[in-house]
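K.L.:
Turn these sequences into a full structure, and let the hints steer you where they fit.
The listed protein sequences correspond, in order, to chains A and B. For the first sequence, UniProt numbering begins at 1 and goes up steadily by one. For the second sequence, UniProt numbering begins at 1 and goes up steadily by one.
No lab work stands behind these hints, which were simulated from the structure alone.
Below, simulated EDC-like cross-link-like pairs (lysine to aspartate or glutamate); rule was C-alpha separation at most 20 Å, straight line:
1) A/LYS44 - B/ASP35
2) A/LYS44 - B/ASP114
3) B/LYS44 - A/ASP35
4) A/LYS44 - B/ASP91
5) A/LYS107 - B/GLU29
6) B/LYS44 - A/ASP114
Here are some, though not all, of the chain B residues that point toward chain A, as calculated from beta-carbon distances under 7 Å:
7) LEU43
8) ARG53
9) ALA60
10) ALA117
Derived, one-sided and incomplete: chain B residues facing chain A with beta-carbon distance under 7 Å:
11) PRO25
12) ALA36
13) GLU37
14) ALA40
15) ASP48
16) PRO49
17) ILE57
18) SER61
19) ASP62
20) PRO119
21) LEU120
Predicted model only: the values in this text are computed from it and were never measured. Note that the Cβ used here is the ideal one computed from N, Cα and C, for glycine as well.
Residue-level listing of the chains:
There are 2 protein chains.
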Amino acid sequence: MTLTDLTLVTRDEAAAPAAVACCGPLTRETISAADAEVFARRLKALADPARLRLVSIVAASDGQEACVCDLIEPVGLSQPTVSHHLKILMDAGFLTRSKRGTWAYYKLVPGSLDAAAAPLVTV
Amino acid sequence: MTLTDLTLVTRDEAAAPAAVACCGPLTRETISAADAEVFARRLKALADPARLRLVSIVAASDGQEACVCDLIEPVGLSQPTVSHHLKILMDAGFLTRSKRGTWAYYKLVPGSLDAAAAPLVTV
Numbered sequence: 001m002t003l004t005d006l007t008l009v010t011r012d013e014a015a016a017p018a019a020v021a022c023c024g025p026l027t028r029e030t031i032s033a034a035d036a037e038v039f040a041r042r043l044k045a046l047a048d049p050a051r052l053r054l055v056s057i058v059a060a061s062d063g064q065e066a067c068v069c070d071l072i073e074p075v076g077l078s079q080p081t082v083s084h085h086l087k088i089l090m091d092a093g094f095l096t097r098s099k100r101g102t103w104a105y106y107k108l109v110p111g112s113l114d115a116a117a118a119p120l121v122t123v
Numbered sequence: 001m002t003l004t005d006l007t008l009v010t011r012d013e014a015a016a017p018a019a020v021a022c023c024g025p026l027t028r029e030t031i032s033a034a035d036a037e038v039f040a041r042r043l044k045a046l047a048d049p050a051r052l053r054l055v056s057i058v059a060a061s062d063g064q065e066a067c068v069c070d071l072i073e074p075v076g077l078s079q080p081t082v083s084h085h086l087k088i089l090m091d092a093g094f095l096t097r098s099k100r101g102t103w104a105y106y107k108l109v110p111g112s113l114d115a116a117a118a119p120l121v122t123v
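P.N.:
Shown next, in the form of structure tokens:
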């Protein structure tokens, strides 16, 4: 190791002498780079207080479906902001939307929350 | 409803006449605003491909603890970038850090991933 190499690492985390075995064994498979991208995208869609509450309300509604009219007041945000969050949740595969009469209804995609939680319970 | 009111909502999501009952019953409790803030912060810390892979490697390591020297190469990022991600994971309560000799070791906080997944499996 040269001094130039050392400038790239902190003192705490500088490479040990080659004679020191640092690398512990892995006891199980880790997440692949491709899976990590997919999981991170899903979690990012949920990693917002308003979106968590919206999903929570939809999931707790009868048939896991809620009218948009039931979603705006509880989260205390404007309708355009709620619609923005709902779109992110739809794009990420957590909700589907259908229109019946005047109202739009948002339904939880079965299994989508379990799929999002999967990397956390299996890592 | 006046025309002024109508400009605040989209056509799809315009308020229905008062005579139409739109509000379905909730079948269980939903996440509170305060809990949503806490859960969202945790999920945000995990909602990154590199951080998911780092947590995954630590969790799969013997004793759920890994030397930083085992974390840099697998994720294919520079040491400063890996350290940045590790700090975010520590700040969010997923990892603790200790130094033994030359190396820093990162250990998974027991139960922290389950706590992060909780809102997804209970909503």
